[in-house]
Structure formats: structure tokens, C-alpha cells
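As a plain string of letters, each chain reads:
There are 2 protein chains.
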Amino acid sequence: MNYIPVNFNEKFSKFTEYFSPKVIAEMNDYSFKLTKFKGDFVWHKHDNTDEAFIVIDGEMRIDFRDGAVTLKSGEMFVVPKGVEHKPIAEDECRIMLVEPTGVVNTGDAGGEMTAEDEWI
Amino acid sequence: MNYIPVNFNEKFSKFTEYFSPKVIAEMNDYSFKLTKFKGDFVWHKHDNTDEAFIVIDGEMRIDFRDGAVTLKSGEMFVVPKGVEHKPIAEDECRIMLVEPTGVVNTGDAGGEMTAEDEWI
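Residue numbers (my numbering), protein chains in the order written: chain A, 49 to 168; chain P, 49 to 168.
Derived by calculation from the structure, the hints in this document are not laboratory data.
Please read all numbers here as calculations on a predicted model, not as lab measurements.
Check each hint, because a few of them may be wrong.
As the list claims (entries may be wrong) - Straight-line Cα separation of at most 27 angstroms, BS3-like style, residue types lysine-lysine; simulated pairs:
1) P:Lys86 <-> P:Lys120
2) A:Lys134 <-> A:Lys62
3) A:Lys129 <-> A:Lys62
4) P:Lys62 <-> P:Lys120
5) P:Lys134 <-> P:Lys62
6) P:Lys120 <-> A:Lys120
7) A:Lys120 <-> A:Lys86
8) P:Lys62 <-> A:Lys120
9) A:Lys62 <-> P:Lys120
Unchecked claim - Listed next, the stretches of chain A that the computed footprint assigns to chain P, with coverage defined by at least 3 CB atoms under 8 angstroms from CB atoms of chain P:
10) 52 to 61
11) 68 to 76
12) 97 to 105
13) 134 to 148
To be verified - Some chain A residues judged to face chain P by a derived CB distance under 7 angstroms, without partners named:
14) Asp111
15) Gly115
16) Val117
17) Leu119
18) Val126
19) Gly130
20) Val131
21) Trp167
In this text, a Cβ means the ideal position worked out from N, Cα and C, and glycines have one as well.
Based on the sequences and whatever the hints tell you, model everything.
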């Protein structure tokens, strides 16, 4: 059988939208999603799950109500469930998210930045 | 509050052993583990879970009974549960594994390459 690796750069080349996660792999009932950030996302939280951010390329910040964390390529951070956060990227940043399948990007906030997950 | 990113290179600098996964983060009941591969691991499977391999630096291969996949830096592959596999790296390869907390590296095979997970 022919097994195919998932190549991040090849997958990133398939979309240009910001803040619109694309599913590239699943593991049990979790999804690996690539997304490009540029600008400010909305304040939100996920009441039922933690959420892992892994920076593949670039730099981003996650603001919390009581602080912030800056993440560069080769760094990750897990936002605990129920904690309000706001991702921000001054320049385009390429990220992998890991979270349970079906988690909505805007969490409890909803609104116009809500995006449907799409497999690429 | 001061939030600290998890930096892969900094974590990799903390250990030298091969095939001995180190936990660097948890998300719900899943663990992110860094490991260095060099040489042949053992044939094994995980009957109850998929297992995600993400190559951070270097190149490795996963042999299956009916094929193989080669993974380079910036690539990933999810081994389905119950599928026998054998990781191999000719030269040192740096990997991140994502799997449920407590999964044993040698799965059903056991033996001398079995390693206790350790937080770093």
C-alpha cells in the first residue's frame, strides 16, 4: 500500500484566507487543522476543551484577560478550556491547531469570523 | 499572569536518548511528546488509539507490513489504531508525537525499548 505523508507547505499553498482552519489529519476524535492568521481575531473561549496552537511559520500572540503569550515558529501553547483568549498576528502567521473534531473557531463568541472546517 | 511558550529546540536540548518520549504539553487527556529517533525501533501496534507523528527536524520512515511512509521536516502522518508499524531513522530525527496520555511507546510489543514518559 502507498502511504502519503501530510506536507504542511503543500497544504498551506492550497488556501489564502485568514482565520479559516483547514483540516489536514484526524487522530481518534481529534483534528489537526492548518490556519493562517493576520490581524485580530475575536475574543472567545471553548468551554469544553483545551486548544493547542503550534506555530509553523511566523509569529503570533495570544492575548488573555490577564496577560499574553508570544509564539514563534517552533513553539506551541495550549489554551486551557474556559479561558478567554484572542489570537493576533501583525504579519501573516502559519499555525497548526489541534483540538477535538468539530470545535468551532470562534467558540462561544460566534459572529462573522466563524468558519466552517474544510478538509484540504 | 506570565504565559510561557513551549519551545521545541529548547526542549530537545534537554535530552539525548533515542526512542524515549518526553512530555512537553497536555491538551485534555492527550499528550504532546518530543522524541529523538536514530536506528530501528520495534514492530508494535496500539490497539486502542491512533498515533500522530510530526517531524520537526530530519527524516524518518515508518514501515508497515504492506508498505512504508517517509516523513521529512514539516510533514506528519497518523498511524491508525491496531496497525503494526516500525519507526526507523538512518540519522538522528526529531519528532513530536501526539497521542492519549499514558500510551506506551512500544504498544503491544513491550521489551527493552519500552520507556517511561517523563515531563521535561
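Tested hints:
no., hint, in the structure
1, P:Lys86 <-> P:Lys120, "holds, 14 angstroms"
2, A:Lys134 <-> A:Lys62, "holds, 25 angstroms"
3, A:Lys129 <-> A:Lys62, "violated, 30 angstroms"
4, P:Lys62 <-> P:Lys120, "holds, 22 angstroms"
5, P:Lys134 <-> P:Lys62, "holds, 25 angstroms"
6, P:Lys120 <-> A:Lys120, "holds, 20 angstroms"
7, A:Lys120 <-> A:Lys86, "holds, 14 angstroms"
8, P:Lys62 <-> A:Lys120, "holds, 20 angstroms"
9, A:Lys62 <-> P:Lys120, "holds, 20 angstroms"
10, 52 to 61, "holds (count 6)"
11, 68 to 76, "holds (count 5)"
12, 97 to 105, "holds (count 5)"
13, 134 to 148, "holds (count 3)"
14, Asp111, "violated, 10 angstroms"
15, Gly115, "holds, 4 angstroms"
16, Val117, "holds, 4 angstroms"
17, Leu119, "holds, 5 angstroms"
18, Val126, "holds, 5 angstroms"
19, Gly130, "violated, 12 angstroms"
20, Val131, "violated, 10 angstroms"
21, Trp167, "violated, 14 angstroms"
The structure fails hints 3, 14, 19, 20, 21 (numbered hints given earlier, in ascending order).
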